[in-house]
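Trainee: Throw the hints in and build the complete structure from the sequences for me.
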Amino acid sequence: MLIRQVDEPDAFFAAYDAAKEAHVQALLARADVNALLNIAGLVAQQMGGQNCHLDISFEDGVVWIARLRLEEPTVPPFGTRQRIFASEVNTLRFLAQTSVPVPEVFYYTSEPRLIGTPFMLMEKMPGEPLQWSEATAQQRTKNLEQLVDVFLELEKYPLPATGSLSSETGRIGQYAQARLFATPSRSIGPFQSLEQALTSISEHEMTMIESGELSTLAADNYLTQLWRLDRAPDLVKGITDDSFYLKHFDDKGDHILSRPSAFSSPCMLWPVGEFYEGKNQLSTEEIQFADMFRQRGREDIAQLILKGRKFQRFSFFLGSAVPAEREESEALFQGLRKAVDDQDTGSYLEWRNAAIARVSESDPILKRLLRAEEPPRQDSR
Numbered sequence: 001m002l003i004r005q006v007d008e009p010d011a012f013f014a015a016y017d018a019a020k021e022a023h024v025q026a027l028l029a030r031a032d033v034n035a036l037l038n039i040a041g042l043v044a045q046q047m048g049g050q051n052c053h054l055d056i057s058f059e060d061g062v063v064w065i066a067r068l069r070l071e072e073p074t075v076p077p078f079g080t081r082q083r084i085f086a087s088e089v090n091t092l093r094f095l096a097q098t099s100v101p102v103p104e105v106f107y108y109t110s111e112p113r114l115i116g117t118p119f120m121l122m123e124k125m126p127g128e129p130l131q132w133s134e135a136t137a138q139q140r141t142k143n144l145e146q147l148v149d150v151f152l153e154l155e156k157y158p159l160p161a162t163g164s165l166s167s168e169t170g171r172i173g174q175y176a177q178a179r180l181f182a183t184p185s186r187s188i189g190p191f192q193s194l195e196q197a198l199t200s201i202s203e204h205e206m207t208m209i210e211s212g213e214l215s216t217l218a219a220d221n222y223l224t225q226l227w228r229l230d231r232a233p234d235l236v237k238g239i240t241d242d243s244f245y246l247k248h249f250d251d252k253g254d255h256i257l258s259r260p261s262a263f264s265s266p267c268m269l270w271p272v273g274e275f276y277e278g279k280n281q282l283s284t285e286e287i288q289f290a291d292m293f294r295q296r297g298r299e300d301i302a303q304l305i306l307k308g309r310k311f312q313r314f315s316f317f318l319g320s321a322v323p324a325e326r327e328e329s330e331a332l333f334q335g336l337r338k339a340v341d342d343q344d345t346g347s348y349l350e351w352r353n354a355a356i357a358r359v360s361e362s363d364p365i366l367k368r369l370l371r372a373e374e375p376p377r378q379d380s381r
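Position one of the sequence shown corresponds to residue 1 (the UniProt record's numbering), numbered consecutively onward.
What the hints contain is simulated information worked out from the structure, not anything from laboratory work. Heads up, a few of these hints could be off.
[As the list claims (entries may be wrong)] Derived DSBU-like pairs (lysine-lysine); straight-line CA-CA distance at most 35 Å:
id : residue 1 : residue 2
1  : K247      : K310
2  : K279      : K142
3  : K124      : K237
4  : K279      : K367
5  : K338      : K247
6  : K142      : K124
7  : K237      : K156
8  : K367      : K237
9  : K156      : K310
10 : K237      : K247
11 : K310      : K142
12 : K338      : K279
13 : K279      : K310
14 : K156      : K279
15 : K156      : K124
16 : K307      : K237
17 : K338      : K156
18 : K338      : K142
[Said to hold, decoys possible] Derived CB-CB ranges, DEER-like:
id : residue 1 : residue 2 : range
19 : V63       : Q138      : 28 to 34 Å
20 : I287      : E134      : 19 to 25 Å
21 : K156      : P233      : 29 to 35 Å
22 : A372      : Q131      : 40 to 46 Å
23 : A96       : R326      : 40 to 46 Å
24 : H53       : E327      : 34 to 40 Å
25 : I356      : P233      : 21 to 27 Å
26 : G127      : S185      : 31 to 37 Å
Just so you know, these numbers come straight off a predicted model, no measurement behind them. We treat Cβ as the ideally placed atom computed from N, Cα and C, and that holds for glycine.
Mentor: Written as structure tokens, this is what we have:
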């Protein structure tokens, strides 16, 4: 295997895009398209950032999507992808039992033996990925009204634990999120309480930091996870509802299809620039969203939106990407501290130094991470 180091960010992404294009071409060349079309035809007679999507057009004008799983080096091992793939199908089929509009899944297999790669055959729904920033005020209002409908519909389907769907009937299994796998075949969860889930995810992140799997700002991220472990009990204090509800893990809005006449999430409502700067003011759309629930007689959900920034920030880094830039990471954590502690928190450096002084002597992992940050000693000879 030839490994080439790319130092400049622009050069890296250019090389990455070229490699990804070559991979997709190789995937399509390897896939048995005739076998795929045969399966699509048989199923049709019977039924009436990690994927490559192909349109399959039937003679009667019906269009399906063939969703092929990518197998590049940046995606998880095969066993992990199988579990994630199965959970995606279970989630779509679970949602199909509700009034939430989702594409119908006609056929899927996580085994590559049929056409050379795992794939899914599904209904092609009209629309384009939602671009919230390009929507007009009228479209945003309509989108929010529809999102209220979706949340109130999902509330009718409470789940007994937090994790990922392991069946279309609502059975909850381990998390099908790549970052939360301890081995290719074993993830963490499910959990019957929110505190247990938050604590276990933080502990899992700390294990990955200790092993070197997560090496970006290792000591700082380890310290912030220790802080989360300490704050989790107070965060969930007073929560009496033991039910959980279906939620997209990364609800930026691009998983929603929209049309000019109708748009349809809370991540996309955040004032993103201010959020990354550590500011916790609600956006105009968030306040409007809360008012819509209030108008439906749901003051309880309105208050969750108005007072929910601490929950959003607390879970923001759990099981997802860690910022590579120190300034961005520090600002985000400062925003979390302000949201949870609800007081003047002082500077990040003051907090970091105090945290190190408090725990470094009793925590050998932190001591090792801090030593790794020290510049190499110069040879005095």
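Trainee: Taking only the CA atoms, is the gap from K279 to K142 under or equal to 35 Å?
Mentor: The given pair, whose Cα atoms are some 27 Å apart, holds under the 35 Å limit.
Trainee: Going straight from one Cα to the other, do K367 and K237 come out at no more than 35 Å?
Mentor: holds, 32 Å
Trainee: Quickly compare the C-alpha distance for K338 and K142 to 35 Å and report which way the hint goes.
Mentor: With a Cα-Cα distance of about 33 Å, the restraint between K338 and K142 holds, given a limit of 35 Å.
Trainee: For a C-alpha distance cap of 35 Å, please report whether K279 and K310 respect it.
Mentor: With Cα atoms ~12 Å apart, K279 and K310 stay inside 35 Å; holds.
Trainee: Holds or violated: are the alpha carbons of K307 and K237 at most 35 Å from each other?
Mentor: holds, 14 Å
Trainee: Decide if the proposed pair is consistent with the structure: K279 and K367, CA atoms, cutoff 35 Å inclusive.
Mentor: holds, 31 Å
Trainee: Do the alpha carbons of K247 and K310 lie within 35 Å of each other, as the hint requires?
Mentor: holds, 17 Å
Trainee: Mind checking the hinted window 34 to 40 Å against the Cβ distance between H53 and E327?
Mentor: Taking Cβ atoms as reference, H53 and E327 lie about 37 Å apart, which means the hint holds.
Trainee: Is K142 close enough to K124, meaning Cα to Cα at most 35 Å?
Mentor: It holds: about 23 Å lies between the C-alpha atoms, which stays within 35 Å.
Trainee: Using the C-beta atoms of A96 and R326, is the stated range 40 to 46 Å upheld?
Mentor: Given a distance of about 45 Å, which is inside 40 to 46 Å, the answer is holds.
Trainee: Are K156 and K310 close enough, with their CA atoms no more than 35 Å apart?
Mentor: holds, 25 Å
Trainee: Confirm or reject the claim that K156 and P233 have a C-beta distance inside 29 to 35 Å.
Mentor: holds, 30 Å
The structure does not agree with numbered hint 3 stated previously, though it agrees with all others.
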